[in-house]
Every structure is written in C-alpha cells, then in structure tokens.
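Asks: What follows is each chain in one-letter form.
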Amino acid sequence: MTSQEFPASLAKGRSLERAVTSKTIFSNVMTGLVFACALLALIPLFALLFYVISKGAVRLSPQLFTQLPPPPFPRDSPQFSSGGFGNAIVGTFMTVGLGSLISIPFGIFAAIYLSEFARDTKFANGINFFTNVLSGVPSIVMGVFAYSLIVLATRSYSAMAAGFALAVLMLPTIVRTSAEALEAVPSNLRQASVGLGASSYQTVLKVILPAAIPAIVTGIILAIARAAGETAPIIFTALFSNFWNWDPWRPTATLSVLVYNFAITPFANWQELAWAASLVLITLVLFANVLARWIIRKR
Amino acid sequence: MAPAVDNNPGMSYERTQTARTVDSGFKWVTTIFAFGIVVTLLAIALQVGIDAFPAIQKFGLSFFTGVRWNPVEDIYGAWTQIYGTLVTAFIALLIAVPIGVGVAIILSEDFLPSKVQQPLVFLVELLAAIPSVVFGLWGIFVLAPFLQGPMTWLHQTFGWIPLFSTPPTGRGIYIAAIILSIMILPIISSISRDSLVGVNPSLRQAAYGLGATRWETLFQVIIPTAISGIIGGVMLALGRAMGETMAVTMLIGNANRPSPSLFAQGSTISALLANQFAEASGLQVAALMYAALILFGLTLLVNVLAEVVVRKVEIKKL
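Protein chains in written order, with my numbering: chain A, 1 to 299; chain B, 1 to 318.
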C-alpha cells in the first residue's frame with residue numbers, strides 16, 4: 001500500500017498545519033491587541049520623557065544649581081532666563097536625608113527581627129501584613145500625620161516634618177527589601193558563624209548583614225529616589241521658601257514642590273523652571289533605577 | 001562514652017553574663033523596631049482621628065453627603081470629593097486594567113525574544129518610578145492640549161449623554177482619570193505578570209498537548225489560574241489611584257460642586273487636602289482631618305482586601 005492510496009479526505013483532517021479557522025483568526029486578533037496594549041503603555045512614557053528632556057534642557061545651566069528662584073518676568077525681559085533653584089536642591093537633600101536617617105536604621109533593625117529572630121512565625125506574618133498595609137497608605141495621609149504630629153506641635157512648617165513624613169513613606173520599602181535580602185543569605189553562613197562560637201548579634205552584624213548589603217542598598221536607593229520625587233506629603237509640611245535655608249526646623253523649598261508651585265502659575269519663566277526641575281528629578285530617578293539594576297546584576 | 005565538655009574554665013562553652021545580656025538586648029531592640037511598624041500605622045489612624053474629632057462631632061455622617069465645603073461659614077461636606085475620588089479611580093481602572101493585563105501577557109508569554117522583553121519590563125517599571133508631580137506638569141502642558149480636540153468632538157457628538165454634557169476645558173475629571181490610568185498601569189502589569197509567570201508550566205504543556213492554541217491556553221488555563229493574583233494587583237492599583245494626589249490636584253480643576261459630566265471640573269479628597277491644608281485653621285483643619293481619615297479608611301479597606309487575596313494565592317502556590 002502506498003501513500004497515494006490513502007484517501008485524501010482523511011489526510012486533510014490529519015495535517016499538523018492549522019487551517020485558517022475562526023480559532024486562528026481569533027488568536028491573531030488577540031495577539032495584535034496585546035501588542036497594541038504594549039504600544040499604548042509605552043507612548044505616554046516616551047512622550048513624557050521627550051517633553052521633559054526637550055523642555056527642561058532649554059534652561060539647563062550651572063546657575064540653576066547655585067541661584068535662588070527669580071520673581072516672575074515677562075518673556076521680553078532681559079532677566080527672563082535668570083535665577084535657578086539651588087535652595088530647592090539643598091531642601092530636597094535635607095528632607096530626603098532626614099527621612100533616610102530615620103527610616104534606614106529603623107527599617108533594617110525591623111528587617112533583622114523579621115528575618116533572623118521571627119522568620120515564619122505568626123508574629124512576623126502579622127508585621128509583614130502591617131508593612132504591606134502601611135505601604136498602601138496614600139502619601140498625602142503621611143503628610144497629614146506629620147503635620148499633626150510636628151507642624152502643629154512646633155507651630156512651624158519645617159524640613160523636619162517633611163523628613164518625618166518621608167521616613168514613614170520609605171519605611172515599608174526598606175523593611176521589605178531588607179528582609180528579603182537577609183532571608184536570601186544561605187543558612188550555612190549562619191550555621192558556620194554560630195558553630196565558630198559567635199553570638200546572635202555577632203552573627204547578624206558581622207556575617208549576615210555584610211552578605212546582604214548589596215540587595216539592601218538597592219532597596220534603599222529605590223526608596224530614596226521615590227522619596228525625592230514625592231510632593232504630596234511635603235506641600236504642607238516643609239511648605240516652600242524662596243531663600244536659602246539650612247535649618248531643619250524652618251520652612252524649606254524642595255524640587256518637587258517647586259515643580260508644583262511653578263507649574264500652576266501663568267508665568268512663563270516659572271514654568272520653564274518647573275520643566276528644568278522635572279528634568280533634574282527624572283534624571284535622579286533614572287540614575288537610581290539604573291544603579292539599582294547594576295548592583296543587582298553585579299551580584 | 002565520656003562527655004565532650006571538660007571542666008577547664010578557659011574552654012567553657014558557656015557565655016559570660018554580659019555577652020548574654022548584649023545578645024538578648026540586641027534581639028529586643030530589633031523586636032521593638034519591628035513592632036514600631038505596627039505602632040506607626042496605628043498612630044496614623046489615632047492621630048488623624050483625634051484631630052478630626054471636632055469635625056466628626058459637629059457634622060457626623062452628614063459629612064459624607066454634604067456638598068458644601070465653605071470655610072467662610074465653617075460648613076463642611078465632602079460628597080463632591082468622595083464622589084470625585086471614586087469616579088476617577090473607577091475610570092482609571094476601566095482604562096488601565098485591560099491595557100495592563102495585555103502588557104502583562106506580552107511580558108510573560110514568548111511573543112518577543114528575551115532581549116527585547118527584558119528592556120520592556122524595565123521600561124514599564126520606569127513608568128512607575130516617575131514622580132507624580134512630573135505627570136501633573138506633563139498633563140497640564142502636553143496631554144490637556146492634545147485631548148482638547150477629541151474631547152470637544154465627543155461633547156459635540158454625544159453631548160446628550162449626561163456623561164459628556166459639559167464642554168471640556170483643559171481641566172476636569174476625565175483628564176485626571178486618564179493620567180491616573182497611566183500611573184497605575186505599571187502596578188497592574190507587573191503584579192499580573194508575576195502571577196502569570198508563576199503558573200506551573202506543566203499546565204501550559206498539558207493544554208498545548210491537547211491541541212489548544214496559545215490563546216485558548218491563556219483564556220482557559222493560564223489566566224484562570226493566575227486570576228487571584230491579577231485581582232490583587234488591580235486592587236492595589238485601586239488603592240493607589242484613590243490616594244494619588246499631585247497629578248490629580250493639578251488636573252482635576254478643584255471645583256467644589258459635583259457634576260455628572262466627566263468633562264466638568266471636580267475634586268478628590270487628596271486634591272482637597274493638597275489645596276487647603278497649608279492655609280487652613282480652626283474647624284477647617286478638623287474637617288480636612290476628617291476627610292483624610294475617610295481617605296485613609298477607603299485605602300485601608302482596599303489594601304487589606306488586596307493583601308488577603310494575594311496571601312491566598314501564596315498559600316495556594318505552596
């Protein structure tokens with residue numbers, strides 16, 4: 001018997017090729033749709049980056065980092081391109097620095113407890129739950145909290161209040177990434193350390209923590225980048241200031257609040273400064289993300 | 001067999017008292033910090049609740065339904081803001097869920113070589129890292145002028161539908177919702193991607209072996225298996241959308257009356273707080289605290305539900 005004698009009608013049904021049916025058309029349409037989705041998601045990202053870079057670069061110069069915000073000038077004024085936001089950069093560093101100073105030790109200690117002393121216990125699970133819920137609390141509510149706790153008590157808007165709000169905001173990220181990093185350290189390191197006679201704090205501080213540091217630093221970098229761009233918890237805690245301020249207990253300008261304040265005004269020179277400040281913020285965020293990725297890959 | 005430990009004091013395996021104290025002290029310090037997270041969350045609720053108390057006492061539940069927010073007469077009702085919060089978040093989900101899940105499918109299936117896929121994952125994550133206030137700035141100067149034409153056409157053609165009944169200006173509920181949808185998209189797609197990737201590959205192989213196409217496998221096997229993770233991601237996104245402040249404040253128009261039209265200017269709880277806190281005093285502060293408490297309660301509810309859903313998934317995976 002040769003294949004030619006095999007009935008053609010049967011062979012057709014047994015082909016491994018898919019025939020063009022409603023099934024394959026549906027598949028192709030769906031594939032097209034999800035590609036369209038990906039495109040649709042990327043357009044805003046590229047459009048945003050394009051505008052921030054092209055509009056922000058117009059004013060990019062060293063004076064941005066050394067001068068104070070100018071008063072509003074009309075477009076034909078010779079002083080239209082004067083001024084900068086040096087004080088806001090100082091303020092951003094101050095508020096984020098204060099936030100980091102509070103949240104980093106707090107977060108790492110909490111993570112040590114979750115990973116080294118209470119792993120897989122009900123108590124640790126409970127605290128993980130609270131950490132996740134805390135990370136879902138809107139940042140503006142943290143601002144309200146800091147306002148009520150510090151601004152009302154000291155009767156002054158201050159960088160300290162903003163730093164406190166940012167600390168609460170950064171805390172869950174730092175706890176989660178640090179706990180994950182500590183848990184990823186292989187347990188034979190722990191056993192070896194304890195076997196050599198190290199006590200638990202020696203084991204944690206001299207063996208486990210150094211091994212987990214790169215991943216912890218990655219988490220901290222991302223938390224700092226997010227905090228630097230946060231505006232909502234700062235507008236009514238640090239408020240704003242048109243002058244240099246080095247005192248953490250006084251109102252302070254920050255880059256993010258400067259973008260907000262200047263974007264909603266009708267003055268063109270202020271709007272240009274808002275774009276330039278956005279460019280600085282975006283550069284910071286991009287740099288932090290690439291750096292974090294690089295640290296992870298290096299491991 | 002003789003015991004391994006001898007009685008030579010220099011070779012003692014016992015720790016000194018100080019070493020033991022330091023050790024347990026260290027453990028206690030870490031415990032206190034861990035417990036500090038719980039205390040922080042409770043302190044937020046308590047502090048905001050205490051400061052809101054005068055307003056709670058004065059307005060009670062009518063705060064939820066009142067539409068007047070009048071600092072001059074000290075009469076406060078937050079219905080406009082509560083409505084705005086819910087509507088913008090809901091529309092944002094309506095836009096972002098299908099697109100976000102679509103992106104998650106692209107990033108979890110093998111449509112693209114991994115050399116293209118990996119940078120794509122990074123780009124979507126980057127979208128999540130862009131500060132809210134920069135979205136606001138871009139929305140004011142780029143998105144709003146861009147949408148003006150199409151939205152005016154929508155108003156002129158479908159103006160008889162209450163949703164489109166007012167002429168669009170550069171600010172309003174519609175544009176706040178659109179910018180929110182862009183901002184929550186990365187959350188939906190990255191969590192959905194995680195749960196799609198987490199589906200046991202043998203399920204996919206079995207479906208393919210039975211002759212199912214890629215899309216039959218996705219719709220009948222992969223997505224149903226991953227659905228609780230996807231729902232958890234959507235709920236986290238909902239919480240984020242309700243609490244998002246800056247971009248919404250800059251784009252919603254901050255009007256104080258509710259309107260059925262999406263083109264009308266409106267407000268949200270977070271926009272109200274951002275606008276008025278710095279200049280508020282007296283009962284207005286208490287009323288703002290009351291509004292903040294409502295926002296806190298809403299997001300807490302959504303986040304706790306999301307957490308429960310996601311936990312269930314994790315248990316199932318074990």
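Just so you know, these hints were derived from the structure itself, not from any lab. Please note that the accuracy of each hint is not assured.
To be verified - Label pairs and their in silico Cβ distance ranges:
#, chain 1, residue 1, chain 2, residue 2, range
1, A, V290, B, S202, 52 to 60 angstroms
2, A, T283, B, F64, 55 to 63 angstroms
3, B, L283, A, P105, 53 to 61 angstroms
4, B, G66, A, T283, 52 to 60 angstroms
5, A, V290, B, T65, 19 to 27 angstroms
6, B, V197, A, P266, 29 to 37 angstroms
7, A, L291, B, G66, 45 to 53 angstroms
Unchecked claim - Listing some non-contacts, in silico: residues in chain A with all C-beta distances to chain B over 10 angstroms:
#, residue
8, A36
9, P214
10, A263
Bear in mind that the values here come from a model prediction, so they are computed numbers and not experimental data. Backbone N, C-alpha and C define an ideal beta-carbon position, used for all residues, glycine too.
Asks: Do the beta carbons of T283/A and F64/B sit within 55 to 63 angstroms of each other?
Replies: At roughly 43 angstroms between Cβ atoms, F64/B and T283/A fall outside 55 to 63 angstroms, so the hint is violated.
Asks: Measuring from beta carbon to beta carbon, are V197/B and P266/A in 29 to 37 angstroms?
Replies: Given about 48 angstroms between the Cβ atoms, the range is violated.
Asks: Given the hint of 53 to 61 angstroms, check if L283/B and P105/A actually sit that far apart at their C-beta atoms.
Replies: 39 angstroms Cβ-Cβ, so the 53 to 61 angstroms window is violated.
Asks: Since P214/A was said not to touch the interface, does its Cβ keep a gap of more than 10 angstroms from each Cβ of chain B?
Replies: Fine: 19 angstroms to the nearest Cβ keeps P214/A off the interface.
Asks: Between the beta carbons of G66/B and T283/A, is the distance compatible with 52 to 60 angstroms?
Replies: violated (45 angstroms)
Asks: Non-interface claim for A36/A: all C-beta distances to chain B beyond 10 angstroms?
Replies: Non-interface label fails for A36/A: nearest chain B Cβ at 8 angstroms, not farther than 10 angstroms.
Asks: Per the hint of 45 to 53 angstroms, is the separation of the Cβ atoms of L291/A and G66/B within bounds?
Replies: This hint holds: roughly 49 angstroms between Cβ atoms.
Asks: Indicate whether the distance between the beta carbons of V290/A and T65/B respects the range 19 to 27 angstroms.
Replies: Violated, since V290/A and T65/B (Cβ atoms, about 49 angstroms apart) do not stay within the stated range.
Asks: Examine each Cβ of chain B, and state whether all of them lie more than 10 angstroms from the Cβ of A263/A.
Replies: violated (5 angstroms)
Asks: Is it true that V290/A and S202/B lie within 52 to 60 angstroms of each other by Cβ?
Replies: violated (37 angstroms)
In this structure, the hints that do not hold are numbers 1, 2, 3, 4, 5, 6, 8 and 10, in rising order.
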